[in-house]
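Q: Since the structure of chain A is already known, use the hints to place chains B, C and D with the ligands on it.
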Amino acid sequence: MSKMHLLDAGIRKKWGSSSPHFCWFKSSFSEKTTWYNYCNNHVIKNCQFPPVKVPGEQKAMIFVGGVISLDFPREQLKAFYRTMYTIRSFEERCNELFLAGKIPGFVHLYIGEEAIATGVCATLRKDDFITSTHRGHGHTIAKGADLKKMAAEIFGKSTGYCRGKGGSMHIADFSIGMLGANGVVGGGYNLAVGAALAAKMRKTGQVAVCFFGDGASNRGTFHEAMNMAAAFKLPAIFVCENNQYASTTPYRTTTSVENIADRAVGYGVPGIVVDGNDVFAVYEAAKAAVERARAGGGPSLIEAKTYRIKGHFVGDPELYRSREEVRERFETDDPLKNFRKQVLAANQLTKGELEEIEEQVQEELNAAIAFAEESPFPEPEELFQDLYVEGWGEACGK
Amino acid sequence: MSKMHLLDAGIRKKWGSSSPHFCWFKSSFSEKTTWYNYCNNHVIKNCQFPPVKVPGEQKAMIFVGGVISLDFPREQLKAFYRTMYTIRSFEERCNELFLAGKIPGFVHLYIGEEAIATGVCATLRKDDFITSTHRGHGHTIAKGADLKKMAAEIFGKSTGYCRGKGGSMHIADFSIGMLGANGVVGGGYNLAVGAALAAKMRKTGQVAVCFFGDGASNRGTFHEAMNMAAAFKLPAIFVCENNQYASTTPYRTTTSVENIADRAVGYGVPGIVVDGNDVFAVYEAAKAAVERARAGGGPSLIEAKTYRIKGHFVGDPELYRSREEVRERFETDDPLKNFRKQVLAANQLTKGELEEIEEQVQEELNAAIAFAEESPFPEPEELFQDLYVEGWGEACGK
Amino acid sequence: MREITFAEATMEAMAEEMERDERVFIMGEDIARQGGIFGQFKGLPQKFGFERVIDTPISETAIVGACVGAALAGMRPVADMHFVDFITVAMDEVVNQMAKIRYMFGGQCTVPVVLRAPDGAARSAAAQHSQCLESWFVHVPGLKVVIPSNPADAKGLLKSAIRSDDPVLYFEHKDLFRMKGPVPEGEFLVPIGKAKVVREGTDVTIVSYSATLHKALKAAEALAHEGIQAEVIDLRSIVPLDKETLFASVKKTGYLVIAHESTKNGGVGSEVAAVVAEEIIEYLDGPIKRVGAKFVPIPFSPALEPLMLPQVEDIIAAVKESL
Amino acid sequence: MREITFAEATMEAMAEEMERDERVFIMGEDIARQGGIFGQFKGLPQKFGFERVIDTPISETAIVGACVGAALAGMRPVADMHFVDFITVAMDEVVNQMAKIRYMFGGQCTVPVVLRAPDGAARSAAAQHSQCLESWFVHVPGLKVVIPSNPADAKGLLKSAIRSDDPVLYFEHKDLFRMKGPVPEGEFLVPIGKAKVVREGTDVTIVSYSATLHKALKAAEALAHEGIQAEVIDLRSIVPLDKETLFASVKKTGYLVIAHESTKNGGVGSEVAAVVAEEIIEYLDGPIKRVGAKFVPIPFSPALEPLMLPQVEDIIAAVKESL
Ligand SMILES: Cc1ncc(C[n+]2csc(CCOP(=O)(O)OP(=O)(O)O)c2C)c(N)n1
Ligand SMILES: Cc1ncc(C[n+]2csc(CCOP(=O)(O)OP(=O)(O)O)c2C)c(N)n1
Ligand SMILES: [Mg+2]
Ligand SMILES: [Mg+2]
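Chain order of the listed sequences is A, B, C and D.
Numbering follows numbering that gives the first Met the number 0, with no gaps: position 356 of the first sequence is 355.
Numbering follows numbering that gives the first Met the number 0, with no gaps: position 91 of the second sequence is 90.
Numbering follows numbering that gives the first Met the number 0, with no gaps: position 313 of the third sequence is 312.
Numbering follows numbering that gives the first Met the number 0, with no gaps: position 283 of the fourth sequence is 282.
Careful: at least some of the hints might be erroneous.
Simulated pairs of lysine-lysine, DSS-like, Cα-Cα distance not exceeding 27 Å [unchecked claim]:
id : chain 1 : residue 1 : chain 2 : residue 2
1  : C       : K319      : D       : K46
2  : D       : K46       : B       : K202
3  : D       : K193      : D       : K179
4  : A       : K232      : C       : K41
5  : D       : K46       : A       : K101
6  : C       : K319      : A       : K232
7  : D       : K46       : B       : K232
8  : C       : K250      : D       : K193
Residues from chain C that keep clear of chain D, each with C-beta distances beyond 10 Å, as calculated [to be verified]:
id : residue
9  : I3
10 : G48
11 : D84
12 : T109
13 : R122
14 : R162
15 : E184
16 : P190
17 : H224
18 : A272
19 : P301
20 : V311
Read the hints as simulated data drawn from the structure, not as lab findings.
Don't be surprised by glycine CBs; every beta carbon is placed ideally from N, CA and C.
So that you can see chain A by itself, here it is in the shape it has in the complex (with noise of 0.2 Å):
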C-alpha cells in the first residue's frame, strides 16, 4: 500500500492531475501477470480489463510504470530498445538534416515521445493497421518500416515510399498496415475506423490503431470516429500523444478536459490514462485493448502523457514555452533513459548489450540516408503517374 501512495503522489506530481485515479499495475517480477486495480487506496486484486467498477471517480484509468513487471523475454526487451533508439537517432538526423537544408518541407519531431509508438506497436501482428499524423516517423518505424525507403521519402527522391510524392507528412506502406502519415491533423480517426470495419466484416482478426495527438482530440472527427467504433464494436483502439502542446497552445488552454481518457465515458468504452514515457506501461496498456478488440469486444482510448521535447517542427522558434520547463522535462524523464535506468537495475540487460544496439543502428541509419542522398530524384514524367489507376492525366488535361 505505501508503494501505491507513493505512486500516486508521483502520478500528481508527474501530471499535474489533482483527482484521484484507478491506477492499475502487475506484480512485479512474477511469471503469473497479477492486475490490481487501485482507486482511492484501495486495491482489489485480480481484476478484469476493463476494471470491475467499484466505487469512486472512475474517470480514466492510470497504469503505472516503474511498477510494471520486466519479466520480458530479452529478445523484446531488446527490441524495445532498438526501436526506441532508432526513432530517436532518425529523428536526431533529420534534425540535422534538416537544418543542413536538406530536407524539403516541414519536419515534426517525435523526439521524447519513442515510448508509445514502441509499446504499442510491439503489440501487433504485421498485419495490424495503423493510421499516423503529421509526426508520423516513430509509428512507421515502430510499425516495421524500412529506414532506406523513409529516408528517401523525406529526401523527396524516387526510391522513397511514395516516389518522392508524400514527404515527411505523408509517409505510408501498406505492406506493413501503415496506412498513411496524415497532413490534416485528425485526418487518420475515420480511415482507422474504416480498417477495423474492415476487418470485423472479414473476420480476419486485425485491429486498427489510430495514433493522434492531444490537439488533434478536438476535432469532430474524433468524436464520430469514437461514436461509430464503439456503436459498432469495432476493433478500434485510440491512442492519444498527449504531448501538452498542439503546436503552440498549451494543453489545457483549448481543451477542456483533465484526461482525454475521460472523454470515453463519453462512448461507453475504456479510458486508460498510461504514462507515455514508460515503454512497460505503454505495451500494458496496448495489449490489454488489442486483446479486447481482437476478442470483439471493440474500442478503446489510451491517453499516453508524454512530452513535446522539439520544436513542433524543426526551425520552430519556440515563443509559448521556455528553454527550463523543457530542458527539466528532458532531463527528468526522457523515455530511453527511463528504458535504460529500469532494465539495468534489475539486470535484464547489460551495458554492452544496450550499446551493441546502438553500433548497430548507427550503422543501419547511415546506410539508409546515404542511399537516401545518392537515390535519384523523380524524372518529371513521374508528375503524372499515381493519380488513377487507369492513369488518364491526358484525358483530364494535363
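A: For chains B, C and D with the ligands alone, coordinates are given in the frame of chain A:
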C-alpha cells in the same frame, strides 16, 4: 427514501436505464427550493448545482419529474400550458394542412416534445439566444414568435418571417434571439457557441441555448462546440431532445452511450438527464444551467428524454417501429396530459382555466392560418433580394 | 426491354455487384431499416444482411472516412450521402483523403470507394436540401465524377463505379428516382468518361446531364418545330470529360449551349465553355451560352423555386441568343 | 510611401479596424501566442488582449461556426483558417450557414464575417498544405471572395472585408507574406469587386491574381522584348467579378489568357473564359488560354512541385498559342 426508490424504479421502467443514477429533486410544496442529491440510495440535502461529488457512478444526473414542486405563480403555470398547447395545436394544424397539400416542402412535427422547448424557454430572457433544428416550430413558439409570420412562412408567403424563402425548416426571428431553424443536423451547435461568445465578450449577461436531437449528438460539431464552449467557459446551454429516433434509426443502434448527458464528462461540464415530458423538471434543469451560465460558470449539457410521437416528417411510412409502441408511449406519457393531471390534482389550476386557454389559442391559430392563406406569394423580383446587403445580384450575373 | 425505375436500376446494380464481389458493401443514414429516403435501397438488407447494408450514425465524416479506410484495408465500399448538401460535412474526407491518397502515397494503394449523393431541387426542400454541387469536384484531381440521367445509365454507371479502382462520385437527381425506362438485365456497364449523343442535330449543340437533360430534350423538340435542329449531348461523366464527343458535335454545329441545374457561375458549364473556347474556338459561329440556376440560394417558396431553376424556356432562349 | 510587408499590411488593417470598432475580433489556431504561422498577427494580442485575439482548439467547424454565430449576435468576427486546405473541414459552415443565412432568413440579419485563409504552394508543403481553393466559392451565392496580390491591396481589401456586412472570404498566398511594397498609412480601402489594370498593353489581355500575378507580369515583360504588349489585369475580387474592366481590356486586345495557381480544370480561369465566350466572344481573335496547376495533387518532391505549378514560361507559351 421509499419515494426515492419508487422514482428510481420509475426511471428505469420509463427509460430502460439500467445503471444507478443521480437524481435531484425539490421538496414538494415548500416555499424554499431545497435541492437533494440522490445516488445509490444516499440522499444528500442542500447540495449545490452542479452537485458535490459523492461516491457512486457519476455519469449524469437526473431531475425527476413528479416530485418537482408546483409552487410556481399561477401565471407561470398558465404560461406553461399556453405554450405547450399552442405548440401541440400548431403542429396538428400543420399536419392537416400538409396532408391537404397546402404546405410545400418537408414538415417535421414537435408533437410529444412540447415540454422541452416550453420548460427551457421559460427560463430565458427575450434577448437570450436559441438555435434550433429541422424540428423547430416548438422552439420558435416557445421563444415567443408571432404565429402569423410563422404560418405564413410555412406556406411560402411573402408575409412570412423569411419572406417565403425559408419555409418550415428555416424559420428565424432575430428580434427575439431565435437564430434560426437549421436544415443541417448539428448545424446549430457552433452558431450557439458564437452567440455565447458574443454575449461573453460584450458582457451582456445573455445566454445561448442550442437545441439538438439524439441523432445530432453524433455529429462532430457537437464535440467541437462542447469543447470550445467549455474551454472558453461560455454561457451556452446544450439541450438534447432525445426522442429515441434519428429519422428511422432507434437511438442505441447508432449511438454508443446510454445517456447523451454522459458525454458531459468529456468536457468537464455538468451533464443532466431530465424527464423531457415533465415541464417542471425541464424548467428546473434549465434554470440551474442558465443561472450557472449567466454567473460565468460555463456551459451545461442537458438531455431531455422524450419520444417522437409522429413520423420523422409528415408522410413518413414509419416502417421502423410499431403502431403499438407509439400508442403506448402517447397514452402513458403525453407531456400535456402529464401537466394537466399534475396541476389539477394539486388544485393549482382549474379545468375551466385550462379550457379558456385552449379556446384562446385556437382562435389565435385560426387567425394565423387565415393570415397565411390569404397572404400573397412573393413577387418574382423578390428572388434576387436579400442575398447581399449591397444587393448585387446584377454584378454576379443573375 | 423491361422497364424499371431509376431507383430500381440503382438497386439492381448494387445487388448484382454485391452478389458478384463480397467486398462490396454500402453504408449511410437511413438506408437499411428505411430502404433509403427515396426507396433506392428497399429490399437490399433483406438480401445481404444488415452487416453489408449499414445504417450509420449521423456522422458524415465517419461515413466517408471509414469507407476510405475500409477501401485501404481491402474492401470496396459504397457510401450514401443522404443529400449531396451534406457532402460539405465530409469535404475534407473527400478532397484531402479520398482524392489524394493514391497519388500522395505514390500509387501504393487503390481507393475503390463510390460516394452516392442524391442531389437537385425537388418540391421546395429549400436552400440546404436542394443543391447540385458536382462542379466543385471538377477542380479536385483524383476523383471520377458521374451523373446519370436515366435508369439504364444509372445502372450501368453505378456498376462501373463500383468496379473502378479509383474513387467515384455518383450524383443522382432526386427527381429521377421515379423515372421509368428500359434497363438491360444482368451485366450492363456504361463506361466512365463517355458522353452520349442522345439526339442528333445540325444547328446547335446542347450539352446537359442529369435531370436537366430532359429539359434540354424538350427544348430541342420545341426548337425543331421552329426548324432548329439541336444536337443534344448527355455528358454522363463530368470527370473525365469526353472532349471527343463534345468537340465532334460543336465542330459540326458551330454553336454551343450548356444547361445544368447547378448555379451557372462556376458550374460545369463554365468548364465546358472554357475547354471549347480554348481548344476549338475557331469552329464557333456564335457565343457559348450557359444555362444554370440563378445566383441565389434555393428559395423555399413554390412561387420562387421554379424561377431560380433553369427551365425549358431558358434553354430555348439561350439557343436563340447563341444563333 | 513607406514600404511594409504584406503580413504587416494585414496586421495594420486588423489593428486599425479593431481600434475603430470594438465588435471586431479574430480567432484561429496559433495566432495569439505564436503571432500566426506566417507572423501575420505578431503584436496584435499585446495591443488588444487575448480576448480579442483568440487561440482556438483545432476545431475548424467551431471556428467558422462560432464566427457566424457571433456575427448574428452583433459582432464582426474574423476567422483565420491556418491553411486554406482545412476550409474543407468547415465547408458546411461556410457554404450552408455563412453564405445562405441572410438569404434563407429573408434578409432579417447580416453576416459580417471575414474568413482569412492562407493558400498556395510554398517549398514542398505537399498535397494537403499547398492548395488554392478559391474557385469553389465562385459557385456559392452569398459570399464575396477577394484575393490580394500585394501589400497595399492586402490592407485595403482586408479593411473593406471587415467593414462589409456580407461574409467575405479573404485568400492570402503564403509566398506573399514577406513581399514588401508601398502601403498608404491609415484609412485606405480597396473596393471589393474592382479589378485593376496593373500593366497596360494592346496585344493580349492576361488576367491573373494573387502570387501568380507576379509571374504574369514577368511574362508580360519577357513578351514585351519580343514586341508583344500584354495588358495585365489583377482581378483582386473573384466574387463579384469585375466584368467591366475585364471586357474593356479584351475588347481592346482581342486575346485572352488567364493564369492562376489553382488547378486549371474548374478554376477561376474557366469562369472568366466562359463569361467572355458568352458575352463578348465577337471581340476575340483567338482561343482563350488558361494556365493553371496540372491535374494532380501537389507533389512533395522539389523535383516535381515546380512542374506541377504554373510558371512564367507557361504563361508566355499560352500567350503565344493564343495569338
Ligand atoms: C485540420 C487541421 N487543422 C490544423 C492543422 C495545422 N496543424 C498541424 S499540426 C497542429 C498541432 C497538432 O497538435 P497535436 O494534435 O497535439 O499533435 P502534436 O503536433 O502535438 O503531435 C496543427 C494545428 C492541420 N494540419 N490540420
Ligand atoms: C448533416 C445532416 N445529415 C443528415 C441529415 C438528414 N436528416 C435530417 S433529420 C435527421 C434525423 C435527425 O435526428 P435527431 O437529431 O435525433 O432529431 P429528430 O429528428 O429526432 O428531432 C437526418 C438524418 C441532415 N439534415 N443533416
Ligand atoms: Mg500535442
Ligand atoms: Mg431524435
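Q: The output says G48(C) does not contact chain D. Does that hold with a beta carbon cutoff of 10 Å?
A: 32 Å, holds
Q: Checking one constraint from the list: CA of K319(C) to CA of K232(A), max 27 Å. Satisfied?
A: 61 Å, violated
Q: Over 10 Å from every CB of chain D: does E184(C) meet that, or does the non-interface label fail?
A: Correct as stated: the minimum Cβ-Cβ distance to chain D is 37 Å, above 10 Å.
Q: Mind verifying the non-interface call on R162(C)? Its CB should be farther than 10 Å from each CB in chain D.
A: At roughly 23 Å from the nearest Cβ of chain D, R162(C) sits farther out than 10 Å, so the non-interface label holds.
Q: Between the alpha carbons of K232(A) and K41(C), is the straight-line distance 27 Å or under?
A: 26 Å, holds
Q: Non-interface claim for R122(C): all C-beta distances to chain D beyond 10 Å?
A: 17 Å, holds
Q: Does the claim that H224(C) lies outside the interface with chain D hold up, using a Cβ gap greater than 10 Å?
A: 26 Å, holds
Q: A cut-off of 10 Å on Cβ-Cβ distance, and I3(C) was said to be off the interface with chain D. Does that hold?
A: 34 Å, holds
Q: Are all C-beta atoms of chain D more than 10 Å from that of T109(C)?
A: 15 Å, holds
Q: Please work out if K46(D) and K202(B) have their alpha carbons no farther apart than 27 Å.
A: OK: K46(D) and K202(B) at ~20 Å, within 27 Å.
Q: K319(C) and K46(D): Cα distance at most 27 Å?
A: Not OK: K319(C) and K46(D) at ~61 Å, beyond 27 Å, violated.
Q: Verify that the Cβ of P301(C) lies farther than 10 Å from every Cβ atom of chain D, and report whether the claim holds or is violated.
A: Holds: least Cβ distance 16 Å, greater than 10 Å.
Hint check: violations occur at hints 1, 5, 6, 8, 11 and 18; the rest are consistent with the structure.
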